[in-house]
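Heads up: the protein sequence lines correspond to chains A and B, in order. For the record, in the first sequence the residue sitting at position 63 is 63 according to my numbering, with numbers rising by one throughout. For the record, in the second sequence the residue sitting at position 151 is 1151 according to my numbering, with numbers rising by one throughout.
Keep in mind that the hints were calculated from the coordinates and are not lab data. Just so you know, these numbers come straight off a predicted model, no measurement behind them. Be careful, since some hints might not be right.
[Stated by the list, open to error] Quick look at which bits of chain B chain A covers, simulated, 3 or more residues with Cβ under 8 Å:
id, region
1, 1024–1037
2, 1101–1109
[Claimed, not checked] Chain A is nowhere near these chain B residues, computed Cβ spacing over 10 Å in every case:
id, residue
3, Arg1011
4, Glu1077
5, Glu1079
6, Phe1087
7, Asp1115
8, Phe1123
9, Glu1126
10, Tyr1144
11, Gly1148
12, Gln1185
13, Asp1234
Glycine included, every Cβ here is placed at the ideal spot set by N, Cα and C.
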Amino acid sequence: MTEVAMEKPVDTLPGFDEAHFAAVLAQGESAVLTAKREEAFKDYVNIASPTRTDEEWRRTDPSLFPIADMKRLPNLPQVESLPESPWDAEFDVVIAVQADGFAIMHRNGTAAELGISVLSLAEAAEQKPELVNEYLQGRALPANSGKYEAFNDAFWNFGLFIHIPEKVEWEKGMLIRYQMDVNDSMLIPRMVVVAGPQSRAVIAEHLESPDTVRFMAVPQRELYVAEGANFKLVSLQEWGLNSYQITNDWGLVERDANLNWFTLNFGTARSKMKFGSDVAGPGSAADMDGLFFASGEQHMDQRTLQIHSSPDTYSRLLYKGAVKDTGRSVYQGLIIARPGAIRVDAYQTNNNLVLNEGARADSIPGLLIDADDLKCSHGSTLGNLDPEQLFYLRSRGMSEHDARQALIMGFFEEVVDRIPQKFIQDIVHKNIEEKMEK
Amino acid sequence: MSETKTYLEIRNLHASTEDTPILKGVDLTIAQGETHALMGPNGSGKSTLANVIMGHPAYEVTDGEILFRGQNLLELEPEERARLGVFLAFQYPVAIPGVSVAKFLKSAHDATHGDNKLKPAEFLKELRENIKYLEVDDSFINRYLNDGFSGGEKKRMEILQMLTLKPRFAVMDETDSGLDIDALQVVAKGVNKLAGADFGLLVITHYERILRYIHPDHLHVLIDGKIVHSGGSDLVKKLEEKGYDWVRQEFGEEVLVG
């Protein structure tokens, strides 16, 4: 038998072909980054575009995302500063990201004194290759990534590198706020965060765009939480109702380290989001808290992975969602215990409120266990408000409307209560209220 | 009856749930300032009566009326009844995770005291006084409503709500069930604080024990959806002495259950 070289057909997303990629490279950047993009582009063209026959995309048709209409924003230029926002005062560093540029604003000398690096990926590759190169070579992501991970790696137009050195405790942390307002544009952000050994830090993200702006984001976040570190990421997504999003986010948690990750999703017309954590070192823990509310005609699809690749690891996931009007949500969760991952505690809970007929929530919890001697549980609930609870509140004088609001707010409170920043709790409350009223 | 003012009047009340008739013609009149006790075996319709007075949507009233200070309660939503001053202490209060006791009580107080809302500081002061009076732990008010509460804590919570909302008429649906003597005394303390000319009370119970702490003016026995026996202090005394077993024997409850 002779071997026949089979050339794989080149598969590109509409508009994001070889010529487009050449134009991206022509914008110029350091050799390391260009090499990484080229490598990623090869993967990208070789990975088949997802279709509805893929289990992951069965409930969210990839053709719902109007990629062909979206024009990739040129690599965002860095500017000196951008206008302030009310929440900036809560943080030491604020990064403002807009369609025409981004600014990294140090509000005081804290980050510099602590030796914390907050740099664009381009800056990091030039100024701190000894720090960043390791994370450009390896990935927090699993080896067999999908189409959009490779797409982001090849086409990203805004890159961030955040490094918190060993033993540094960063009390106030930083805020990254996105305000996008250009029609038919595509933002492809790539963020790499390294929390050094025994460090402690919190990062908040706030993503916004006006409801009138048609726009798409394809973000990717890679979080490396080193030995003994304690890292929190709070991501509040309020993209406008005419926007689209596909995300792929991963956290790698080393020995005795702790990751607490909040994903709070209110925006977009359509979104497909993947959040994965790997408690990869013994004694490590991941807490994943999620909240989502799909109203109007919104469609939100979330997939979570809790990977346990080491023994004596812990992960807890709580995702709470509501659907209203003709809103639709999909939750798919998977706990994976790799061979040898013994004495593992893994919990996964997804609770859904279906607030009216016509709204729909799908919940698909799952386990994939290659080890024994572990404690694992997963569960999901689906349903409207409890009539006994409603009657109880009404019997105390609250109107049906107020009673419903109190119950919906209360439903989410278990997650909201854990959010470390009071002002984000307030925005979340406001979002829930607005969704209930509309 | 002619001397005292009628407060609550239930006339020929018929109610069913899922097409099963439960109440089959209840007549009951409570005058202003009076405390009435209602006893009866399981399944006789005691809790149904309590829920129908408050307007639980799972019950359908097929005949009769409930007048409270001249107004027909059956035409009103549960929250409208509450705003008139009707209160139900639930037999099994539900837990409401995510809603704190303090926040809930403030909302409920505001809702039932339309024109006489208290400022948050005043409200909190009063709440703390009531909490102390009922010997409830201070941390109570920051907890989620009934969430993870023991049976006894839930009952105390009901009484705390009653004291906070200061209703004109309250139904206590087996509030005494499952309580130890200490907790029972707390319940009695709460009731006695509200007792007076402007308060009417219907105590639904299974046990004669509570009658030693809350002294009803009248006692009724409900069996198979009808009040079969009513009496004044003589009957109350007899029950205190002879116990509830006497009712059992007298009215042959085992024949009638179900």
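Status of the hints after comparison with the structure:
Only when three residues or more bring their CB closer than 8 Å to a CB of chain A does the claim for the region 1024–1037 of chain B stand; here the count is 0, and the claim is violated. Taking a C-beta to C-beta cut-off of 8 Å, the region 1101–1109 of chain B contributes 3 residues in contact with chain A, enough for the three needed, and the coverage statement holds. Arg1011(B), annotated as away from the interface, keeps every beta carbon of chain A farther than 10 Å; the closest lies near 22 Å. Once the 10 Å rule is applied to beta carbons, Glu1077(B) is inconsistent with being away from chain A; the minimum gap is 7 Å.
The Cβ of Glu1079(B) does not lie farther than 10 Å from every Cβ of chain A; its closest approach is about 5 Å, which violates its non-interface assignment. Against chain A, the non-interface label of Phe1087(B) is violated: not every CB pair exceeds 10 Å, the least being about 8 Å. Even its closest Cβ contact with chain A, about 13 Å, leaves Asp1115(B) beyond 10 Å, as expected for a residue assigned away from the interface. Against chain A, the non-interface label of Phe1123(B) holds: every CB pair exceeds 10 Å, the least being about 14 Å.
Under the 10 Å C-beta cut-off, the non-interface status given to Glu1126(B) relative to chain A holds; the minimum distance is some 16 Å. Interface exclusion of Tyr1144(B) from chain A breaks down, the closest Cβ pair being 7 Å apart, not more than 10 Å. Residue placement check: Gly1148(B) keeps its beta carbon more than 10 Å from all beta carbons of chain A (closest about 12 Å). Residue placement check: Gln1185(B) keeps its beta carbon more than 10 Å from all beta carbons of chain A (closest about 25 Å).
Distance check for Asp1234(B) against chain A: the nearest CB is about 34 Å away, which clears 10 Å, and the non-interface claim stands.
Of the hints listed earlier, those the structure fails to meet are numbers 1, 4, 5, 6, 10, in rising order.
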